[in-house]
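Chains as they are written, first to last, in the numbering used here: chain A, 158 to 271; chain B, 30 to 144.
These are computed hints drawn from the structure, not numbers from a lab. Treat the hints with care, since some could be wrong.
[Said to hold, decoys possible] Listed next, the stretches of chain A that the computed footprint assigns to chain B, with coverage defined by at least 3 CB atoms under 8 Å from CB atoms of chain B: (1) 195 to 209; (2) 216 to 230; (3) 235 to 245.
[As the list claims (entries may be wrong)] Anything over 10 Å on all C-beta distances counts as not near chain A; from chain B, calculated: (4) 55; (5) 62; (6) 123; (7) 130.
Every residue gets a Cβ at the ideal spot worked out from N, C-alpha and C, and that includes glycine.
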Amino acid sequence: AQKITQTQPGMFVQEKEAVTLDCTYDTSDPSYGLFWYKQPSSGEMIFLIYQGSYDQQNATEGRYSLNFQKARKSANLVISASQLGDSAMYFCAMREGPDDKIIFGKGTRLHILP
Amino acid sequence: EAQVTQNPRYLITVTGKKLTVTCSQNMNHEYMSWYRQDPGLGLRQIYYSMNVEVTDKGDVPEGYKVSRKEKRNFPLILESPSPNQTSLYFCASSLGPGNYNEKLFFGSGTQLSVL
């Protein structure tokens, strides 16, 4: 069973609009971390934002925020005021468990339209 | 500068010719991992290591070997590459084990083509 599910293979969004990228996860471990990474066309993996399972507040980093709904096991990435440079592949990932496995979703390709 | 150095950046080889992709980090991280990225499949973990001389299989270990003789290095070995191993490979490192709040630092990737 997939532990990280990203249901949107691709999205098109108008520049300056806000965009939400969906991520749901599955774990029975009470301690875990959720991460979002951006992969532009150049290929490198860029860390965006982190949310811990015990964090009471949603994480924010500049234009990025994480909508963490623990009961629903969702960790959606919200990008406010999108820019052309936000066009990229976005991956959600989870780190959990005593074996310290770090699992990634299949990604969402975001296209920002001028 | 803190970094994960992965080499080579691009590699074209033929079926059956052994190859090694090197990975080195300068952050004294215990945790190191290899991923492969394929269209529509995201990043899948090949092997990971929680410390020197400790390695574990990820989700797609078949056809790959790793070793962790030193803390900083974690090479990926393909003893007999096949075309289905054509992929983009990433090495990553992090503090660990047990530090579930620590992010992964990634290398720049290796695009491997097996003909």
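Verification of the supplied hints:
Counting residues of the region 195 to 209 of chain A whose beta carbon lies closer than 8 Å to any beta carbon of chain B gives 6, which meets the minimum of three for the stated coverage. Counting residues of the region 216 to 230 of chain A whose C-beta lies closer than 8 Å to any C-beta of chain B gives 0; at least three are required, and the coverage claim is violated. Coverage of the region 235 to 245 of chain A by chain B is violated. Counting CB-CB distances below 8 Å, 0 residues qualify, and the rule asks for three or more. Non-interface call for residue 55(B) relative to chain A: holds, since the shortest CB-CB distance, roughly 17 Å, exceeds 10 Å.
Interface exclusion of residue 62(B) from chain A breaks down, the closest Cβ pair being 7 Å apart, not more than 10 Å. Not every CB of chain A lies more than 10 Å from the CB of residue 123(B), the least distance being 8 Å, so the non-interface label is violated. For residue 130(B), the condition that its CB be more than 10 Å from all CB atoms of chain A is violated, with the nearest at approximately 5 Å.
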